[in-house]
Amino acid sequence: GAVVSQHPSWVICKSGTSVKIECRSLDFQATTMFWYRQFPKQSLMLMATSNEGSKATYEQGVEKDKFLINHASLTLSTLTVTSAHPEDSSFYICSAGVGGGAGNEQYFGPGTRLTVT
Amino acid sequence: SQQGEEDPQALSIQEGENATMNCSYKTSINNLQWYRQNSGRGLVHLILIRSNEREKHSGRLRVTLDTSKKSSSLLITASRAADTASYFCAVSGNTPLVFGKGTRLSVIA
Chain A
3 GAVVSQHPSW VICKSGTSVK IECRSLDFQA TTMFWYRQFP KQSLMLMATS
53 NEGSKATYEQ GVEKDKFLIN HASLTLSTLT VTSAHPEDSS FYICSAGVGG
103 GAGNEQYFGP GTRLTVT
Chain B
5 SQQGEEDPQA LSIQEGENAT MNCSYKTSIN NLQWYRQNSG RGLVHLILIR
55 SNEREKHSGR LRVTLDTSKK SSSLLITASR AADTASYFCA VSGNTPLVFG
105 KGTRLSVIA
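One line per chain: the protein sequences are A and B, in this order.
So the first sequence is numbered by my numbering: it starts at 3 and just counts up by one.
So the second sequence is numbered by my numbering: it starts at 5 and just counts up by one.
Treat the hints as calculated values from the structure; they're not laboratory data.
Every residue gets a Cβ at the ideal spot worked out from N, C-alpha and C, and that includes glycine.
One or more hints might be untrue.
[Claimed, not checked] Some, not all, of what chain A presents toward chain B, calculated at C-beta under 8 Å:
id, residue
1, Ile14
2, Leu46
3, Leu48
4, His87
5, Gln108
6, Gly111
7, Gly113
Generate coordinates for the entire structure from the input sequences, incorporating the hints supplied.
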């Protein structure tokens, strides 16, 4: 149980275009989902917390107008990287909290590797 | 910041040996979690230990938590080549998980 999927697994896009990444909880409802970014050989950095039916909470330094997050339902959150640039190339990972609280166990998606050329 | 810091940064052992990784943190926590990440893949949750627990077992994994020292350890017994991965601790207080930089474990067959 507690499976989280991400789509696509990898994407290559041209600079200036937008890319949407989906995160789905397959067998449970996730009131809260989290989006992380990971650069090579680095740790995961939390970008934002996504709550169903409300605006996402962004971490300091993360541009909310560039990284649009929508938590449309209890099983789906999307991250759209707008006007992507090569420096946005990274591994994006979502997670869904089990138990409703941020401090509870989280299940992670397999990640999406974004390459902006 | 509640970021956990893993130690060592990298560890290489022979198959069958035990691997111990440590995590230290700076603030009060609700729980501490350990995750594994294979290269280029997502994270796999290994174990969660709450602040009122001192030790927890799961298969070949043993996790300890010492809140007085603000530290935790992850022990993998009888390691296998398939255990080769990066291991992260993540601490949680009243905010979302904050991850340390990880320990890269290499198990040599």
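So, going through the hints one by one against the coordinates:
{"no.": "1", "hint": "Ile14", "in the structure": "15 Å, violated"}
{"no.": "2", "hint": "Leu46", "in the structure": "5 Å, holds"}
{"no.": "3", "hint": "Leu48", "in the structure": "6 Å, holds"}
{"no.": "4", "hint": "His87", "in the structure": "22 Å, violated"}
{"no.": "5", "hint": "Gln108", "in the structure": "6 Å, holds"}
{"no.": "6", "hint": "Gly111", "in the structure": "5 Å, holds"}
{"no.": "7", "hint": "Gly113", "in the structure": "4 Å, holds"}
Hints 1, 4, counting from the list given before, are not met by this structure.
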